[in-house]
Amino acid sequence: MKSSEVRLDRLCKEYNRTVAVDDVSLTIEPGHMVALLGPSGCGKTTCLRMIAGLIRPTSGDVFVNDKKMTDVPVHRRNVGMLFQNYALFPHLTVEENIAFGLEMRGIAKAEAARKVAAALSLVQLSNFGKRYPAQLSGGQQQRVALGRALVIEPAMLLLDEPLGALDKGLRESMQVELRALQRRLGLTTIMVTHDQDEALTMADKIVVMRDGKLEQVGSATEIYQRPASKFVAQFIGASNLFEGKVEARNGNGAVIRVSEHLKLEVDQVPASAADVMVSIRPEAIIVEQAGERSAAEQPNAVAARIDQVVYRGFVSHYYLKTASGEQLIVFEQNQSQQSGLRYAVGQDVVARWTTPSNHLIARH
Amino acid sequence: MTDEHFSGVGAFILYAVTTAMMIFIMAPLLLVMAVSVSDSYFVTFPPQGFTLKWYAKVLQDRDFLEAMRLSILLALGTTAGSLLLGVPAAFALVRGNFFGVAAIKGFLLSPLIFPALVTGLALLQVLAKLGSQDARLNLLIGHVVVTSPYVIRTVVTSLQLVDENLEDAARTLGANRLTTFWRVTLPQIASGVAAGGLFAFMVSFDNYPVTMWLANSEYSPVPLVLMRQLVNVFDPSVPAMSTIIILMAMVGVLVLEKLVGLRRALAA
Numbered sequence: 068m069k070s071s072e073v074r075l076d077r078l079c080k081e082y083n084r085t086v087a088v089d090d091v092s093l094t095i096e097p098g099h100m101v102a103l104l105g106p107s108g109c110g111k112t113t114c115l116r117m118i119a120g121l122i123r124p125t126s127g128d129v130f131v132n133d134k135k136m137t138d139v140p141v142h143r144r145n146v147g148m149l150f151q152n153y154a155l156f157p158h159l160t161v162e163e164n165i166a167f168g169l170e171m172r173g174i175a176k177a178e179a180a181r182k183v184a185a186a187l188s189l190v191q192l193s194n195f196g197k198r199y200p201a202q203l204s205g206g207q208q209q210r211v212a213l214g215r216a217l218v219i220e221p222a223m224l225l226l227d228e229p230l231g232a233l234d235k236g237l238r239e240s241m242q243v244e245l246r247a248l249q250r251r252l253g254l255t256t257i258m259v260t261h262d263q264d265e266a267l268t269m270a271d272k273i274v275v276m277r278d279g280k281l282e283q284v285g286s287a288t289e290i291y292q293r294p295a296s297k298f299v300a301q302f303i304g305a306s307n308l309f310e311g312k313v314e315a316r317n318g319n320g321a322v323i324r325v326s327e328h329l330k331l332e333v334d335q336v337p338a339s340a341a342d343v344m345v346s347i348r349p350e351a352i353i354v355e356q357a358g359e360r361s362a363a364e365q366p367n368a369v370a371a372r373i374d375q376v377v378y379r380g381f382v383s384h385y386y387l388k389t390a391s392g393e394q395l396i397v398f399e400q401n402q403s404q405q406s407g408l409r410y411a412v413g414q415d416v417v418a419r420w421t422t423p424s425n426h427l428i429a430r431h
Numbered sequence: 190m191t192d193e194h195f196s197g198v199g200a201f202i203l204y205a206v207t208t209a210m211m212i213f214i215m216a217p218l219l220l221v222m223a224v225s226v227s228d229s230y231f232v233t234f235p236p237q238g239f240t241l242k243w244y245a246k247v248l249q250d251r252d253f254l255e256a257m258r259l260s261i262l263l264a265l266g267t268t269a270g271s272l273l274l275g276v277p278a279a280f281a282l283v284r285g286n287f288f289g290v291a292a293i294k295g296f297l298l299s300p301l302i303f304p305a306l307v308t309g310l311a312l313l314q315v316l317a318k319l320g321s322q323d324a325r326l327n328l329l330i331g332h333v334v335v336t337s338p339y340v341i342r343t344v345v346t347s348l349q350l351v352d353e354n355l356e357d358a359a360r361t362l363g364a365n366r367l368t369t370f371w372r373v374t375l376p377q378i379a380s381g382v383a384a385g386g387l388f389a390f391m392v393s394f395d396n397y398p399v400t401m402w403l404a405n406s407e408y409s410p411v412p413l414v415l416m417r418q419l420v421n422v423f424d425p426s427v428p429a430m431s432t433i434i435i436l437m438a439m440v441g442v443l444v445l446e447k448l449v450g451l452r453r454a455l456a457a
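Top to bottom, those sequences are chains A and B.
With our numbering as the guide, the letters of the first sequence map in order to residues 68 to 431.
With our numbering as the guide, the letters of the second sequence map in order to residues 190 to 457.
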């Protein structure tokens with residue numbers, strides 16, 4: 068299958084003066100899987116439907132391999148699309164569903180039958196061809212939908228929350244399976260999801276959207292480790308966010324004063340000397356017994372008291388409160404040999420982390 | 190549903206009420222059927238004896254047979270016409286997103302609300318003004334006006350249940366809008382279309398108030414002939430004609446139920 072490059076150029080969509088998608092430009096490299104991630108109403112689905120051709124942009128263009136597609140009707144675009152509720156034709160058998168796109172392309176019966184059989188085996192449903200969608204489980208239905216989308220050898224695959232209706236276990240195995248298949252076929256894929264785990268698991272590149280605009284574009288690690296805004300830091304995973312003032316700056320870093328008891332050392336140079344925001348991921352913080360080493364006047368360390376403990380199996384979540392009132396959340400992996408929790412509510416501790424864990428957020 | 194849900198006093202009342210309703214609805218029809226085989230010169234109840242001679246008479250009555258032929262052709266034409274207008278209209282009402290959808294919907298369903306007698310008179314005046322002299326054409330137009338709302342209503346109801354993603358999926362797979370409608374949407378709404386078509390046929394077939402204004406002496410559909418016969422000689426040939434119509438309707442309903450599951454559409 069030939070991979071396509073998809074490019075969005077200043078895409079906008081307005082509905083009765085409300086802006087659903089606002090000036091989105093994005094290049095999706097051939098064979099990549101990109102996730103449009105954001106809360107509901109952020110414009111991600113509208114974006115996907117504009118790429119499919121189901122919605123006409125108010126302005127801006129969609130290019131596939133540098134060919135302008137904006138005026139090409141959806142049925143000539145050759146896109147494979149998966150929907151949240153599978154959208155299988157209930158009056159057709161599994162085989163007929165898969166053959167639908169081939170029939171629309173005028174492919175001869177024998178050739179179509181061969182392709183349908185290949186598609187069925189690709190999605191591991193070879194024995195289910197004669198059944199009707201209603202006779203299949205949710206996971207099987209989504210496989211049929213996948214077979215139906217792939218059999219037409221689409222220029223790209225578009226996924227609209229395709230696994231949202233499946234239960235957790237099945238969803239996770241389908242994520243891995245879908246990702247492996249997509250890699251194997253080298254098919255440019257764009258998926259829409261509000262599930263950050265799904266985006267992190269499946270995508271080469273994550274596009275975080277908010278209020279119709281791109282908030283941040285980057286790999287899973289970039290998005291997670293270097294969130295560009297407060298919104299991204301909070302939407303993807305959990306974050307400890309601190310506001311402070313730049314106290315001192317040197318050649319390749321700065322010291323930021325958050326409160327009387329807490330100052331942070333960062334290895335980035337703040338753009339402005341005024342207020343800045345720093346994000347620290349909860350798993351970057353180490354909790355120590357109080358009194359081992361004093362935290363006083365050390366950067367990236369603070370004395371605190373355990374406020375709440377949540378045991379989550381392989382991790383524990385500790386909620387800490389400092390003397391100046393800041394709250395910290397810490398994730399600590401539990402050791403199998405350890406019995407009970409390491410810290411109890413009310414215990415005095417010291418929270419400590421390294422300078423690279425402090426990430427300066429450019430936009431609040 | 191199992192029997193255990195229906196037991197005790199509640200069940201007794203439910204069955205009693207249901208039975209009473211059935212009798213209330215069916216009794217007049219059964220009465221008509223009963224007197225149609227009465228061996229007497231006037232309609233009497235209880236029927237006297239048993240004879241099929243009234244059926245023999247009716248089936249040789251040229252006026253009645255001519256009226257039957259006209260009514261069936263008119264009803265078929267009306268069904269076709271109201272489906273051709275009603276299905277696209279329903280599609281536009283449900284899928285369309287244009288200014289005034291609600292107002293247009295109300296307007297299109299209005300013949301269900303206005304008295305048919307008034308609609309018929311209004312049509313007569315308009316058609317006369319337009320110089321339309323052909324009673325058959327006038328009847329067809331009048332009946333389509335009266336029956337389209339039934340089609341629109343049933344099709345709108347079933348269209349609202351169709352997942353729009355099915356249509357989007359078909360289009361991404363390479364079907365244009367027309368093919369999508371034909372291959373994907375129509376099979377989903379077949380029962381609604383059939384129900385609307387059946388309504389259109391039956392409403393046209395026994396419509397009196399509009400027909401009365403638009404028919405003439407040359408072209409008189411069954412309801413007018415029946416009425417005329419009723420006024421002239423009320424012999425059992427009138428119930429015999431009625432029975433033939435009742436049986437026709439029953440066969441129609443049963444065939445459609447077998448074909449597309451009419452019950453489902455009517456339940457919706």
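Because the hints were derived from the structure by calculation, they are not lab data.
Don't take each hint at face value.
Said to hold, decoys possible - Below, computed lysine to any residue pairings styled on SDA-like, alpha-carbon distance capped at 20 Å: (1) A:197 with B:269; (2) A:176 with B:447; (3) B:246 with B:228; (4) A:176 with B:228; (5) A:197 with B:246; (6) B:447 with A:157.
To see whether the hints hold, each was checked on the structure:
Our distance criterion of 20 Å between C-alpha atoms is broken by residue 197 (chain A) and residue 269 (chain B), whose separation comes to about 35 Å. Only pairs whose Cα atoms come within 20 Å are accepted, and residue 176 (chain A) paired with residue 447 (chain B) is rejected, the gap being roughly 31 Å. Among the hinted pairs, residue 246 (chain B) with residue 228 (chain B) is consistent with the structure: their alpha-carbon atoms are about 13 Å apart, no more than 20 Å. Restraint check for residue 176 (chain A) and residue 228 (chain B): the C-alpha separation of about 65 Å exceeds 20 Å, so the hint is violated.
This hinted pair does not check out: residue 197 (chain A) and residue 246 (chain B) have alpha carbons roughly 55 Å apart, beyond 20 Å. Taking the CA atoms of residue 447 (chain B) and residue 157 (chain A), the gap is about 19 Å. The hint holds against a cut of 20 Å.
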